[in-house]
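Going letter by letter, the sequence shown gives residues 1 to 141 in the UniProt record's numbering.
Hints in this document: simulated from the structure, not taken from any laboratory.
Do not rely on the hints blindly, as some may be mistaken.
Here are the computed lysine-lysine pairs in the BS3-like style, where the Cα-Cα straight-line distance is at most 27 angstroms [said to hold, decoys possible]:
| # | residue 1 | residue 2 |
| --- | --- | --- |
| 1 | Lys63 | Lys22 |
| 2 | Lys63 | Lys140 |
| 3 | Lys63 | Lys135 |
It should be emphasised that the depicted structure is a prediction, and the values quoted were computed from it without experimental measurement.
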Amino acid sequence: MRIIFVCTGNTCRSPMAESIAKKELEECVIESRGLFAMDGSPISENSQEIISEKNLPESSTAKTFSTEDLTADYIFTMTQTHKHSLFNQYGEQNNIYTLKEFIGEKGDISDPFGGNKRDYEAIFAELSSLIVKVKEKIMKT
Numbered sequence: 001m002r003i004i005f006v007c008t009g010n011t012c013r014s015p016m017a018e019s020i021a022k023k024e025l026e027e028c029v030i031e032s033r034g035l036f037a038m039d040g041s042p043i044s045e046n047s048q049e050i051i052s053e054k055n056l057p058e059s060s061t062a063k064t065f066s067t068e069d070l071t072a073d074y075i076f077t078m079t080q081t082h083k084h085s086l087f088n089q090y091g092e093q094n095n096i097y098t099l100k101e102f103i104g105e106k107g108d109i110s111d112p113f114g115g116n117k118r119d120y121e122a123i124f125a126e127l128s129s130l131i132v133k134v135k136e137k138i139m140k141t
């Protein structure tokens, strides 16, 4: 199973989600992308620090979402805007969900970009909780 997490620049939320999911869903291929990523850019310093502190698998460098990514089993966006941007570019797809929508929750995952480390830690905790719920749902199917 292949899962891709998508945010804006692929430097904060989606790389943290990727690292969390690599630990939680070891049997899956986990990747992350950005809608407006600068390919090859490193992830944010705060994201990297948190991933390292938690001894999680490293995230890849930033990469822009592309047509070939549509073959993933699940594509989880951080916001409704991200989801609709993908629909606008590629047409409606039955494998694209917001992360919260997939598990029956509402709302978006805030972007910590430009915030302090506590802001990133709060988003990391939220992502961790959501990904455990995603794992539970995927394992039932």
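Hints, verified against the model:
1. At most 27 angstroms may separate the alpha-carbon atoms for a hinted pair to count; Lys63 and Lys22 meet this at roughly 17 angstroms.
2. About 31 angstroms separates the Cα atoms of Lys63 and Lys140, which puts this hinted pair outside 27 angstroms; it is violated.
3. Under the criterion of a C-alpha separation no larger than 27 angstroms, the hint pairing Lys63 with Lys135 is consistent with the structure, at around 24 angstroms.
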